[in-house]
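Student: Sequence:
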Amino acid sequence: MSHPIPPRLVALRQAMAAHNVAACLVPTADPHLSEYLPDHWAAREWLSGFTGSAGTLLVTQTHAGLWTDSRYFSQAEQQLAGSGVALMKQKVAHAPEHLTWLQQHLHAGDAVAIAGDSLSPASRRQITRLLEDVGARLRTDLDLPAAVWTDRPALPKSPVVEHALAWAHTPRSDKLARVRTAMRKAGATHHLVSSLDDVAWLTNLRGSDVECNPVFLAHLLIEAEGKATLFVDRGKLSDALVAALGKDGVQIADYAAIGDVLGELAATDVLLLDPGKIVCAVADAVPASVKQLEAANPSTAMKARKSAAELDHIRDTMRRDGAALVRAFRRLEERLAAGMAQTELDMDTLVREERAAQPHFIGESFATIAGYQANGALPHYRATPEHHSALARKGLLLVDSGGQYLGGTTDITRVLALGETTAEQRRDATLVMKGLIALSRARFPKGASGPQLDALARAPLWAAGMDYGHGTGHGVGYFLNVHEGPQGIRPPISGGALVALEPGMITSIEPGLYKPARHGIRHENLAVVVEAEQTEFGDFLAFETLTLCPFDRRALEPNLLNPEERAWLDDYHASVRAALSPLLDGADLAWLERHCAPL
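All residue numbers for the sequence shown refer to the numbering used here, where the first residue is 234 and numbers rise by one.
Hints are not guaranteed to be accurate.
[Unchecked claim] Here are the computed lysine-lysine pairs in the DSS-like style, where the Cα-Cα straight-line distance is at most 25 Å: (1) Lys324 with Lys510; (2) Lys748 with Lys322; (3) Lys460 with Lys480; (4) Lys510 with Lys460; (5) Lys324 with Lys748; (6) Lys408 with Lys460; (7) Lys390 with Lys510; (8) Lys408 with Lys480; (9) Lys418 with Lys460; (10) Lys408 with Lys418; (11) Lys460 with Lys524; (12) Lys510 with Lys524; (13) Lys627 with Lys748; (14) Lys524 with Lys418.
If you're looking for bench data, these hints aren't it; they were derived computationally from the structure.
Required output: the full structure, derived from the provided sequences and hints.
Tutor: If you want it as structure tokens, here you go:
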């Protein structure tokens with residue numbers, strides 16, 4: 234069978250030639266700049282064959298390259314084979330990033346095209362400056378991938394539903410009032426929100442237009458004095474929901490009407506927008522006479538700071554989620570001991586089945602990563618019916634999974650020892666565990682940001698001459714996206730904003746270590762920032778671990794842990810045992826007690 238990608242690249246290059254375009258950039262983006270996309274906007278995947286969640290495709294008449302980061306190197310090598318698309322590794326010494334590569338290969342007068350509905354104004358300014366240095370120009374008025382995508386999927390039509398006040402706790406009218414207060418303080422008459430999780434949180438609505446993310450395609454235009462307009466496919470909303478929104482001052486307009494309505498803003502209006510969270514196609518609809526205030530969406534920070542009521546629901550959700558995983562891990566262990574043939578897909582199924590049996594479960598928060606032995610070294614590996622590994626009673630199985638519940642979103646990684654392990658595997662797993670413990674125990678002054686804490690999790694690996702290529706922690710939503718900003722724990726990024734960690738913010742803590750063709754390690758808990766103490770030097774914060782599920786101590790080398798680390802792990806397991814025991818019985822309870830015993 235011939236490879237499907239080369240003919241698609243031929244069609245794209247023909248369209249480029251017809252429009253005198255020297256290069257076409259195809260990012261991983263939609264009109265809401267989402268991390269995960271509806272199939273309708275998966276142009277980069279359609280043109281390259283690469284299914285990872287991060288990457289940029291760059292096509293010229295003589296070259297096609299896919300830039301992605303170290304999480305996806307192995308996956309990209311496999312999926313790009315025979316496609317005519319070369320893997321271009323990001324953040325690798327002496328390897329040019331895609332914009333640098335463009336500068337090196339363009340000539341004066343060349344045009345570069347990128348669809349205006351997949352690029353933010355902030356990114357457009359950056360790219361324009363770089364192209365001007367070589368006399369080239371950027372065009373955002375052409376969507377060349379769409380022009381050649383003959384079998385493009387339709388827009389999703391999933392229903393939009395209310396996130397009941399019993400779970401959301403804060404009425405949407407109160408949330409909108411808080412945003413309006415911020416608008417008035419900034420001097421804005423209107424505020425445009427295009428990021429889907431912000432729209433969902435502000436309106437207390439949820440959907441399923443994006444796999445594993447309970448959001449729906451919409452824009453929200455808020456007036457400082459008056460109404461708010463939700464731009465959404467009306468067919469997704471029941472009459473009762475439209476009426477309820479109307480009572481709260483939210484009117485409905487067609488999803489595609491956002492540009493027309495923005496075009497009607499008056500010269501006296503002042504529009505607040507986040508230049509990194511809207512696309513050029515939307516921003517360009519605003520008349521030039523309208524003053525624009527560029528700042529972060531006020532709702533982004535509000536959403537990140539979970540309320541006390543939300544945290545109560547999250548803690549209960551963590552107990553149920555942890556109990557589900559105990560049952561799944563026990564069942565896998567039992568099957569292997571009985572000599573039953575098991576694969577990575579079976580682990581995936583067990584985790585999904587046990588979560589689905591929990592009250593208020595809606596779905597997975599991302600596709601489960603169940604990577605055995607060498608597959609665990611692929612940070613975003615996904616077993617499929619075509620490509621998966623059988624499990625044996627030896628080595629390590631990395632399981633990264635999460636659930637969406639009405640009362641919260643979970644994300645957890647555990648490394649299971651399925652039998653005999655090597656000294657190298659146990660040492661590596663223990664060094665990563667030391668990093669997780671160090672960050673979990675950290676106390677830090679109010680105002681500290683994630684990049685200031687990131688090294689705590691890496692230090693044990695650095696001391697051994699090792700490291701990992703991804704961030705240490707990401708924010709997590711409340712029955713929303715499993716990756717949520719603005720906070721993050723990662724190495725400093727040139728030009729990146731330092732967002733202070735604040736009480737109520739949830740973050741993952743997930744150091745890792747990946748040895749290609751051997752094994753991968755990642756330990757992950759979710760934690761919430763809490764107030765710790767006040768001293769003569771100011772206010773200090775700490776982390777409260779939320780995730781409740783035992784680590785597999787058989788994968789560790791206890792002698793490498795110091796007394797403080799051993800005490801932390803024993804205390805954690807004692808809290809897990811106390812929290813989960815009431816939810817378990819029989820073999821599941823026995824499994825829990827065995828795995829939570831002191832070191």
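Student: Each hint: holds or not?
Tutor: Now the hints, each set against the structure:
1. In summary, the hint linking lysine 324 to lysine 510 is supported, as the alpha carbons are separated by about 24 Å, within the 25 Å threshold.
2. Taking the CA atoms of lysine 748 and lysine 322, the gap is about 17 Å. The hint holds against a cut of 25 Å.
3. Annotation: proposed proximity of lysine 460 to lysine 480 holds, straight-line Cα distance about 11 Å (limit 25 Å).
4. Using a Cα cut-off of 25 Å, the hinted pair lysine 510 and lysine 460 holds, with the two alpha carbons roughly 22 Å apart.
5. With a CA separation close to 18 Å, the supplied pair lysine 324 and lysine 748 stays within the 25 Å bound.
6. A C-alpha spacing of about 13 Å is found between lysine 408 and lysine 460, which places the hinted pair at or below 25 Å, so the restraint holds.
7. Between lysine 390 and lysine 510, the direct Cα distance comes to roughly 23 Å. Compliance with the 25 Å bound is thereby established for this hinted pair.
8. In summary, the hint linking lysine 408 to lysine 480 is supported, as the alpha carbons are separated by about 15 Å, within the 25 Å threshold.
9. Restraint check for lysine 418 and lysine 460: the C-alpha separation of about 18 Å stays at or below 25 Å, so the hint holds.
10. Annotation: proposed proximity of lysine 408 to lysine 418 holds, straight-line Cα distance about 16 Å (limit 25 Å).
11. As the CA atoms of lysine 460 and lysine 524 are separated by approximately 20 Å, the hinted pair is consistent with the 25 Å bound.
12. Restraint check: the Cα-Cα separation between lysine 510 and lysine 524 comes to about 18 Å, which is no more than 25 Å; the hinted pair holds.
13. Under the criterion of a C-alpha separation no larger than 25 Å, the hint pairing lysine 627 with lysine 748 is consistent with the structure, at around 17 Å.
14. Using a Cα cut-off of 25 Å, the hinted pair lysine 524 and lysine 418 holds, with the two alpha carbons roughly 16 Å apart.
Violation of the numbered hints given earlier is absent; every hint is satisfied by the structure.
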